[in-house]
Amino acid sequence: MERSSARLKVFAILVLVMFAALSTRLWFLQVLATQVYAQEAQNNGVREIPIDALRGEIWTADQYGEPKGEPLVKNRSSLEVRVDKQDLEASGMAEQVLGELSAMLDIPVKQIRSDLESKLYYDYQPKPIAEFVPEEVAFAIRERQEDFPGVQVRNASVREYPMGEIAAHMLGWVGQVQAAQLDEPQYRNYGPNDLAGQTGLEVQYEKWLRGTKGLQRYVVNSDGERIRDLGGRQPTAGNDLVLTIDSQWQRAAEQYLEDSILRTRQVFDEDSGTYYKADAGVVVVMDVETGGLKAMASWPGYDPRWFVRGLKRGETCYLGLTEKCAQADTAAPLLNRAYQEVYLPGSTFKPFTALAAVKEGFANFGSYYPCPSEYVHPNDESGASFSNWSPVDLAPRTLAENLIISCDTSFYKWGSDFWFRYQNDQLGENNEPLQKDLRAWGFAQATGVDLPNEASGFLPDAEWGNDPEQRDLFGRGGWNPGGYILTMIGSGYTSVTPLQLAAAYGALANGHRCRPHVVDRVMSSEGETVVKKVNGQCNRTVPYTNAELDYIRNALAQVPVRGTARLPFLGFPLSEVPVAGKTGTAYRGTQFQDTSWFAAMVPANDPKYVVVAMVEQAGFGSDVAAPLVRRMIEKMYDIEPGGQIVSQTGQD
Amino acid sequence: MDVVAGRVWVDERRPIRHLDPTLLIVTAVLVVIGLFAIYSATSQTLRADGFDPFSRVNKQAVTAVLGLVALLVLATFDYRFLKVYAGFIYGATLVGLLVLRIPGLAASDTGTSNYIDIPGVNLLQISPSEFAKIGLIVILAAMLSELRSPVPTVPDLIRVVGVAGLTMLLVFVNVEIGTTIALAAITVGILVVAGTQAKHLIALAVGALVLIVLAFQLNVVEEYQVERLLTVFDSGSVSEDARYNLEQSVIAVGSGGMFGRGFLQGSQTNLDYVPEQHTDFIFTVVGEEFGFFGSAFVLSLFALLLWRAIRIAYLSKDGFGTYLAAGVASMFAIQIFVNIGMVIGIMPITGIPLPFLSYGGTAMLVNFVAVGILLNVHMRRFK
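Taken in order, these protein sequences are the chains called A and B. Going by the working numbering, the first sequence opens with residue 1, and the numbers climb by one from there. Going by the working numbering, the second sequence opens with residue 1, and the numbers climb by one from there.
Read the hints as simulated data drawn from the structure, not as lab findings. Among the clues, some could well be false.
Claimed, not checked - Below, in silico cross-link-like pairs of lysine-lysine (DSS-like), each with a Cα-Cα straight-line distance of 25 Å or less:
1. A:K532 to A:K207
2. A:K9 to B:K59
3. A:K9 to B:K199
4. A:K127 to A:K324
5. A:K74 to A:K213
6. A:K74 to A:K532
None of the values given here were measured: they were computed from a predicted structure.
Let the hints inform the model, and build the full structure from the sequences given.
Here is the structure:
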C-alpha cells in the first residue's frame, strides 16, 4: 500500500513521540529524583513506635555492706486512662462517652470534666483521668475503642515506694510532663504523653532517671497492619540514684520529729496562754566530711503514693493544691522545710556572729563581757532596750561562757560595735563586715543542695534597711543599730534554712564548707558502674584559724555539759560521745510561739556529723529541739534512749 | 525442477511459513513479565488472607493459554473473511454492549457492571466493551477499504463517525472512559492511515471537544471520574483518594531507581500501597522492582510490538489488512501511552489496562485476538 506508507510514517512518528515522553518521565522519576521517592516509600512502609524506658530507681546509702541500701523508689506498671479532649469533642459523642467512662471508672462526670479542663497540660496532650484501672475495664474500653473516641488506655510505669512515706519530700513525685515544662528547652524532646519528675530528686535528677526511649521499627501495609518487625533500639533504663541518706537514720529522724511535735502539743505555753501549736519541724543530719546528708526530715509530710493512685478530695485539700476546701489548711505539707523555708535562727547563730566580732576586733578570747538583763545602744535616747533571756543581771564572763549560757546582751554590745563601724565609714568598701563574715559560712545564699527550689535565707544590711520598701521597719531614720544588734542573736530580719545552718555548723566542725547533697552517686541501671559521683565541694574554707574554731567548738561542747542544754542531755554518755551544740529560741513576735532550735556537732572532739533540729511554735530550744537531737544522736551511736522526748527547762 | 520449483513456490506461499516470530516472541515475553508482576502484586495479600498466592497468576496464565488458542484461531482463516462478516461482528459487539443494560444478565444487578457472567464458567467474566474494540477495528477497516474515492469523503466520514460514535456511546454509558478513549484512538488511527484530509480530522476533533464539554456540562460523567481526570492537571484540587492513587503509584515507580529494588522486594508493591496494582497499575511493579532498566525494557518490547504492527500495516496486500493492522496498532499505542502515562503521572487516571501485563481476562483475550489479526495479515501479505 504505497499510498498509505506516508501516513503510516506519520503514525510511526506519533508513536515515537509517545515513547519519548514516557521514557523522559521515567528517567526523571527513576534516575534523577529517585532518592526523594525512595525516602517516601520508606516513610510509607516503616512505622516507629517509641518504647518508654524504665525510670531509674532511688536507693538509700550502702551503710551496712549492701551494694545499695534499701530501695526508696521503684517502678510498677499501671493501666491509665487518658482522654484526648479534642478528639472526644470532635466525635460529637462527648456526653455519652463521659457518662459511660464515669460509670466504668466510678469517677463522677464532674470530676472527669474538671480533669479535662486541667491547665497543667496543653490541649493537644491527652489528659490523665484515671490510674490503676482494673484489667477488665481497660479491656472493655480497648475492645470497643470505636465507642470511646479520644480515650486511650496506656500501660504506664508508675512509681512505687517500698518505704512508704519515708523521705517523701526529698524524693518528690513524677507526673505527666506539664505545659510549663514543655515550654523549657531541656524538655524539647519530650512527647506530650511522657512522664517527668515534678518535685524533689525526681525533677532534680530527671535527666539521669529518665533513661533513653527505645524504638520499635516495623513495616506496615497500607491498612496499617504490622507485617514484620525491623528491630529497633531497646530502651535504656534510667540511672539509679544511691543517696547519702541512711535508711535507719532517716526513719528515726522522721519518727522522732513526729513524736516530739505531738508531745510538744501537750505542753502549755504560759506566754501565749495556749498549748504549743508545734505545727512543723525539721531534722537534718549531715556528714561534715563530705556534705552528704544522712537524714533530712520535714514535718508535716505526705504519702507519695497518693500521687500515684490519684489524689482524693481530702488529700487535695490537705496538700493545699486547691482553694475549694472547707477550711483553708496552711500546713503546706509539700514544703520541704529543711531547705525550702526560712526561719529566724535565734541563738544558734551566735557562734558565727561571735567569730565575726572576734575577726573584726570587737571581741577576743581573753576578755570578760558583761551580761546584764537589759541592753541599750550607747547614747540611744529613743527608749529602745534589748533584753536578755534572763531577767537578772549575770556576771561578766568570757566569750565562751557567754555562748555556753547563751547570753544575749553581750552580743548586743558587739552589734553596736558593728553599727559604729558602719556609721563611721558609711561610704567605705567594707563598712558592713558582719554580713560579709556571715556570708562566708554560706548564709544568705543557696547551699547548692541537689534538690529543687531552695530558699536562700537573708541577712539584713544597710542598703536593704534604707530601701523605701523596708525603711519603715526601722523607724523614721531607716537602717539603725537594731539591725546589727538583732542579727547578732539571729533575730530581727535574719533568716536561714535549717539546711544552711547545718552546712554552717559543718564548716564550724572542721573549717571546710561543703555543699550539702542527698545523692551520693548515680549508678548505671544494669551494672555497678558509677556514672556520676556527686561532689560535696568541701574544699572551700572559712576565714578562721583552727584555734579560733577550736575555741568555739570547745565552748559549744560545754553547752550539753553545763550550759543551756544541760538538762536535756542529763544521763547522756557525753564522756563517750561528746556533743558540741547550741540551743536557739527564736522570738517571732506575739502572734507566733517561739521557734525551738538545736544545732550539734558530734563527736565534739573530732566532729563527723552535724545534727540540726527545729520545731516551729514549740518554745525553748532546750525543751524541744535539744532532746530531739539527743534522741537522734542516741540512734546514730547505738545509745540506749534516755530522757524525755520533750523536756521543760525554761531555758534558751 | 519445475515441480520442485513449483513445490518450493507453493511452500513459500503457505501462510504458516510467514508467521512473524518477533511479534510472537514479544507477546510471549510481555505475558511472562506480566505473570511475574501479578505475582508480586498479589501473592502477599493472597497469602495473608489464606489463599493460594499463585491463584491470580494461575488464572492469568490460563487466560493467556485461552488467548493463544484465540490467536491461533484468528490466524488460521484468511483475514478477508473478517471483512465478509464485519457487519455481523459489529452487530454482535453492539448486542453485547446492550446486554449490559439488561438487569439480571449483567454481573451486577444495578446494571452498571462492565461484565457479563457466563453461567457455569467461573473463570471468565466477559467484558463486551473490550470486544467492542475489535468489532470497531473490523467494521471501520471494512468500510474504509471499500471506498470509491482515494480518500474518505464527507459522507464516508459521517458513516464512519456514526458507526464509531454508536459504539463509543454504548461504552461510555457503561462508565468506561478508558475504553471510550481507546475506541476514539482506533477510529482516528484508522482514519489517518486511510488518508482522511487534515481539515476533516480537525473538524472531527472540534466536534469531539464540543461533545466532551457537553458531557461534562450535562453531568453525564461521574464526579469521581472528573476528579481522577483532573489529578494530572492540578493535584491540589482533588480529593484525598484520587491524589493517593497517583502519589503512591509515582512513589512506587520513582523509588525503583536505576536498577529496581528486586523482584518481590518493592515495599510499595508488597505492602499494598498502590491501589488496583495488579490491574491498571501493574506497571508500578515493573517500575519499583526492576527500576529504570526494567521499565525501559518493557517499553522497548511495546515499541517492538508497535513497530511490527505498523510494519504489517505497510506490508499488507490490501487496504483492509492495512486498516486492520493500523487499528490494532492504534489500540495498543493508546493503551500503552495512557496507562503508563497515568502510572507515572503525566496522564489522567482512567481505567485502561496495560496490554498483556494487566490482570484481567477479557482484555487479555482481546489483545491476543488483536495479535492474531496482525499475524493473519502478515502471513497472507502476498498477493
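Against the structure, the hints come out as follows:
Between the alpha carbons of A:K532 and A:K207 the distance comes to roughly 12 Å, so the proposed pair stays at or under 25 Å and holds. For the given pair, A:K9 sits about 39 Å from B:K59 by alpha-carbon distance, which is inconsistent with the 25 Å threshold. Restraint check: the Cα-Cα separation between A:K9 and B:K199 comes to about 19 Å, which is no more than 25 Å; the hinted pair holds. Distance check on the hinted pair: A:K127 and A:K324 sit about 22 Å apart at the alpha-carbon level, within 25 Å; holds.
Between A:K74 and A:K213 the CA atoms are separated by roughly 18 Å; this keeps the pair inside 25 Å, and the hint holds. Of the supplied pair hints, the one linking A:K74 and A:K532 holds, its CA atoms being roughly 20 Å apart against a limit of 25 Å.
Against the hints set out earlier in the document, a violation occurs for number 2 only.
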